[in-house]
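**Student:** The residues making up each chain are set out below.
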Amino acid sequence: MRILHSALISAAIGLTLALSGTPVSAQDKVITVASTTSTEQSGLFKALLPKFKEKTGIEVRVIAQGTGQALETGRRGDADVVFVHDAASEKKFVAEGFGVERFEVMYNDFIVVGPKSDPAGIAGSKDIDAALKKIAAAKTPFASRGDDSGTHKAEQRLWKAAGIEVKGAGDWYRETGSGMGPTLNTASAMNAYALTDRGTWLNFKNRGDLTIIVEGDLKLFNQYGVILVNPAKHSHVKKELGQSFIDWLVSGEGQKAIADYKIDGEPLFFPNAKKGQS
Amino acid sequence: MNQQNAFITALDLIASLDPVLGDIVLLSLKVTLSAVLIAAAIGLPLGAALALGRFPGRSALIVVSNALMGLPPVVAGLVVYLLLSRSGPLGFLGMLFTPGAMILAQTVLILPIVISLTRQIVEDLWAEYEEQLRSLGSSRMRAIPTLLWDGRFSLITAILAGFGRASAEVGAVLIVGGNIAGYTRTMTTAIALETSKGDLALALGLGIILLTITLLLNTGAFVAGRMAQRAAG
Chain Z
57 MRILHSALIS AAIGLTLALS GTPVSAQDKV ITVASTTSTE QSGLFKALLP
107 KFKEKTGIEV RVIAQGTGQA LETGRRGDAD VVFVHDAASE KKFVAEGFGV
157 ERFEVMYNDF IVVGPKSDPA GIAGSKDIDA ALKKIAAAKT PFASRGDDSG
207 THKAEQRLWK AAGIEVKGAG DWYRETGSGM GPTLNTASAM NAYALTDRGT
257 WLNFKNRGDL TIIVEGDLKL FNQYGVILVN PAKHSHVKKE LGQSFIDWLV
307 SGEGQKAIAD YKIDGEPLFF PNAKKGQS
Chain G
277 MNQQNAFITA LDLIASLDPV LGDIVLLSLK VTLSAVLIAA AIGLPLGAAL
327 ALGRFPGRSA LIVVSNALMG LPPVVAGLVV YLLLSRSGPL GFLGMLFTPG
377 AMILAQTVLI LPIVISLTRQ IVEDLWAEYE EQLRSLGSSR MRAIPTLLWD
427 GRFSLITAIL AGFGRASAEV GAVLIVGGNI AGYTRTMTTA IALETSKGDL
477 ALALGLGIIL LTITLLLNTG AFVAGRMAQR AAG
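Read top to bottom, the protein sequences are chains Z and G.
Read left to right, the first sequence gives residues 57 to 334 (this note's numbering).
Read left to right, the second sequence gives residues 277 to 509 (this note's numbering).
Since the hints were made in silico from the structure, they are not lab data.
The structure presented is a predicted model; accordingly, all values stated were derived computationally and were not measured.
Glycine is no exception: its CB is placed at the ideal position from the N, C-alpha and C atoms.
Treat the hints with care, since some could be wrong.
What the hints assert, rightly or not - Computed far set for chain G versus chain Z, every beta-carbon distance over 10 Å:
| no. | residue |
| --- | --- |
| 1 | D299 |
| 2 | D400 |
| 3 | S411 |
| 4 | I456 |
| 5 | A457 |
| 6 | K473 |
| 7 | G474 |
| 8 | F498 |
Unchecked claim - Derived DSS-like pairs: lysine-lysine, alpha-carbon spacing no greater than 27 Å straight-line:
| no. | chain 1 | residue 1 | chain 2 | residue 2 |
| --- | --- | --- | --- | --- |
| 9 | Z | K195 | Z | K275 |
| 10 | Z | K85 | G | K306 |
| 11 | G | K306 | Z | K102 |
| 12 | Z | K148 | Z | K182 |
| 13 | Z | K172 | Z | K147 |
| 14 | Z | K261 | Z | K182 |
As the list claims (entries may be wrong) - Restraint ranges, calculated between C-beta atoms of paired labels, are given here:
| no. | chain 1 | residue 1 | chain 2 | residue 2 | range |
| --- | --- | --- | --- | --- | --- |
| 15 | Z | A245 | G | N281 | 44 to 54 Å |
| 16 | Z | K261 | G | L487 | 35 to 45 Å |
| 17 | Z | H292 | G | D299 | 25 to 35 Å |
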């Protein structure tokens, strides 16, 4: 009997612990934002969220995923707001009725990093088309995200624009199927080229022999958008709280907070919300 | 990467009593210990019933529970994710991306371990004491509490095996918890994140702390077990 007794007590303690960890009452000022690994791993949210919370008292819980997965999280109703960077899929998300409206928030740019020895001979180039063609011609290792993220989609568009078919291109083109950081870890270990957003790169510590090879092409522009998940599809979405986060991001104050976030004096994101869009 | 850095980082983190680290450690312990308690509360009686009960499909259940000991954490996480998602059958609970969801996923993960090991231990005890218990007029089902109590020292090992699996896994808690800073970030998901950011020294430092905590808990369980055994003669 003593065993049953202690089993019951254990169950009670377990459930109490479990329940104490799930404050989901309606008055909790908490929203869930599905965003991308680049915004989280670049440290941007760590800089923004305390300022937003101080102003509004709203706690923002960020889940960092690839753009594709973040939009899927929104589609399933598991987030109140999505904050991602692939304009085409964002517009589709809104058109399908899963999002209310898309607001442009900021941009940064993609860069190509690669080994200092630069086997494809493209260092210093500002022409992404030519650089990708040389990487493909030289068959030097290239690490791709391969995870349907915004960065992966941008990379696929760039290959296509350069007229190169990477599917089945050979073993120099390597899909890691993982986030930006892990892909950079892989590239660092293999001395491969990789396309990355500048923010993740600036915050990345395990660079090994990698350095910036190509930057500055207008085609490497990377726009971020923020969308409220449609309460008409998912009635539990915290409409007011979510919208106030979006309003703050595109307001003068939010835009300044984005511009002020720097690593080693270098800004990572450039605010470009349209005036009067909120 | 310099391995020495990791140890220095680990010591620094502990010495500075970093509050963020403290929260992460507490959450990890809360989630894992809750899962272990729930799994023990369900798994010990079920495992014993499976050992002593005689009903159709018993062998199949034993095989399934043994096989589920190898359930990949990422699959357990995915199943719980689909159940708890707002578009899933339990979506109305609003539990996805909370510590509660992580406790549920880890419970699913370690329940088969507790059930299977308990079944084996109780079955062996029954083989040993069947005659004695029967002569005292005890039926199979009424022998369950006696045998669980008798096998308590072996059963602690079964529970520690569950604890080990829960505290070590990252796949399930990452999917259902979302690795939200200050809310669902545990030791293992923090290690995965720091590895992603290429901060390998910090990642390994956190790993050293996690291993140290696991070692301390196991030492505690070992010492307590020995003392109880001695007291029981």
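**Student:** Against each hint, give a clear statement of whether it holds in the structure.
**Tutor:** Hint by hint, here is what the structure shows:
1. The Cβ of D299/G sits about 12 Å from the closest Cβ of chain Z, beyond the 10 Å cut-off, so the non-interface label holds.
2. Under the 10 Å C-beta cut-off, the non-interface status given to D400/G relative to chain Z holds; the minimum distance is some 17 Å.
3. With a closest Cβ-Cβ approach of about 21 Å to chain Z, S411/G is found to remain outside the 10 Å limit, as its non-interface label requires.
4. Listed as outside the interface, I456/G is inconsistent with that label: its C-beta sits roughly 4 Å from the nearest C-beta of chain Z, within the 10 Å cut-off.
5. Not every C-beta of chain Z lies more than 10 Å from that of A457/G, the closest at about 7 Å, which undercuts listing it as non-interface.
6. Non-interface call for K473/G relative to chain Z: violated, since the shortest CB-CB distance, roughly 5 Å, does not exceed 10 Å.
7. In this structure G474/G is not separated from chain Z by more than 10 Å, as the shortest Cβ-Cβ distance comes to only about 3 Å.
8. Listed as a non-interface residue, F498/G keeps its Cβ farther than 10 Å from every Cβ of chain Z; the least gap is roughly 19 Å.
9. With a CA separation close to 23 Å, the supplied pair K195/Z and K275/Z stays within the 27 Å bound.
10. Straight-line distance between C-alpha atoms of K85/Z and K306/G comes to about 24 Å, which keeps the hinted pair within the 27 Å bound.
11. Our distance criterion of 27 Å between C-alpha atoms is met by K306/G and K102/Z, whose separation comes to about 25 Å.
12. For the proposed pair K148/Z and K182/Z, the alpha carbon gap of about 31 Å is over 27 Å, so the pair is violated.
13. Our distance criterion of 27 Å between C-alpha atoms is broken by K172/Z and K147/Z, whose separation comes to about 38 Å.
14. At most 27 Å may separate the alpha-carbon atoms for a hinted pair to count; K261/Z and K182/Z meet this at roughly 25 Å.
15. Checked against the hint of 44 to 54 Å, the pair A245/Z and N281/G fails, with Cβ atoms roughly 18 Å apart.
16. Checked against the hint of 35 to 45 Å, the C-beta distance between K261/Z and L487/G comes to roughly 22 Å, which is inconsistent with it.
17. Hint check: H292/Z to D299/G, Cβ distance near 27 Å, so the stated range 25 to 35 Å holds.
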